[in-house]
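J.: The task is simple: from the sequences and hints, build the whole structure.
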Amino acid sequence: MNQVRKRGATHAYNHSKIEAQIARPLKQLVHFGWEQALSCLFPVVIFASLAITQVIPLPFLPRYDWLLIICLLMQWWMVRSGLETLDELKVISLFHLIGLALELFKVHMGSWSYPEEGYFKIFGVPLYSGFMYASVASYLCQAWRRLKVELIKWPPFLLVVPLAAAIYLNFFTHHYWIDVRLWLSGLVIIVFWKSWVSYEINGTRYRMPLALSFVLIGFFIWIAENIATFFGAWQYPNQTEAWSLVHLGKVSSWLLLVIVSFLIVATLKQVKGKSTTSIDSSK
Numbered sequence: 001m002n003q004v005r006k007r008g009a010t011h012a013y014n015h016s017k018i019e020a021q022i023a024r025p026l027k028q029l030v031h032f033g034w035e036q037a038l039s040c041l042f043p044v045v046i047f048a049s050l051a052i053t054q055v056i057p058l059p060f061l062p063r064y065d066w067l068l069i070i071c072l073l074m075q076w077w078m079v080r081s082g083l084e085t086l087d088e089l090k091v092i093s094l095f096h097l098i099g100l101a102l103e104l105f106k107v108h109m110g111s112w113s114y115p116e117e118g119y120f121k122i123f124g125v126p127l128y129s130g131f132m133y134a135s136v137a138s139y140l141c142q143a144w145r146r147l148k149v150e151l152i153k154w155p156p157f158l159l160v161v162p163l164a165a166a167i168y169l170n171f172f173t174h175h176y177w178i179d180v181r182l183w184l185s186g187l188v189i190i191v192f193w194k195s196w197v198s199y200e201i202n203g204t205r206y207r208m209p210l211a212l213s214f215v216l217i218g219f220f221i222w223i224a225e226n227i228a229t230f231f232g233a234w235q236y237p238n239q240t241e242a243w244s245l246v247h248l249g250k251v252s253s254w255l256l257l258v259i260v261s262f263l264i265v266a267t268l269k270q271v272k273g274k275s276t277t278s279i280d281s282s283k
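First residue of the sequence shown? That's 1 in this note's numbering, and the numbers climb one at a time after it.
The set of hints was computed from the structure by calculation and includes no laboratory data. Among the hints, a few may not be true.
Straight line, CA to CA, 20 Å or less: simulated SDA-like cross-link-like pairs of lysine to any residue [stated by the list, open to error]:
(1) 148 <-> 209
(2) 148 <-> 38
(3) 106 <-> 236
(4) 106 <-> 171
Just so you know, these numbers come straight off a predicted model, no measurement behind them.
T.: Structure representation (structure tokens):
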């Protein structure tokens, strides 16, 4: 009888142990997902606005202009509520301008278009489009703070800055010269080979290769791009007649553009010396 009880107790203990081993990773994953969702607040508002304004026509102004107003109000609220600091607003505004410059050029070259009318359009580009780039920088700033991000073995800025500049310039020059995207992707792997991103979930620190994080962010932005084009944010030439998936090759473009945004945010965090973030080039 005692042996039976011992076996039962052992079985119950092992069962509880297995449940705990399964429950903790799930709990950590849910918490990580929640923090990511909170970090995506600005992009989510943009997607929701795209969807709502497509279904429900708004009066007095064209749709693109309403989207600009919504983005401006959202940006004001993010700073007013303390979700973003003034320094982060400067970084986000910089990436807004970087994205808007890219939009002006790409629309001019016919890479994509904004077919709807709008009062606040410059050379065929609605001003709200810059906020779609700014929302990526907003996500990085939010996730950096919420997950207490640290960068391990971050490469020297003398390597990273020229690489980021070359990545950005290639978006322009490949229309007149060869596309060196694959070469740049290879350089990214080499430069960031030893770099890791460390982040905290419920007091436990995890880490992953920095290059992998670029790929993941680029992939999820590609998914977001499909959602945005579905709701008419812009159109690629192959989507003029009917919506279709954005070519998977765009993941590499977003991956490279994320590096530019990541560099800007990382520079802010290093210069300001936030207590919750650091860049460790020696570990």
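J.: For a quick check of understanding: which of the numbered hints are violated here, in increasing order?
T.: Every hint satisfied by this model.
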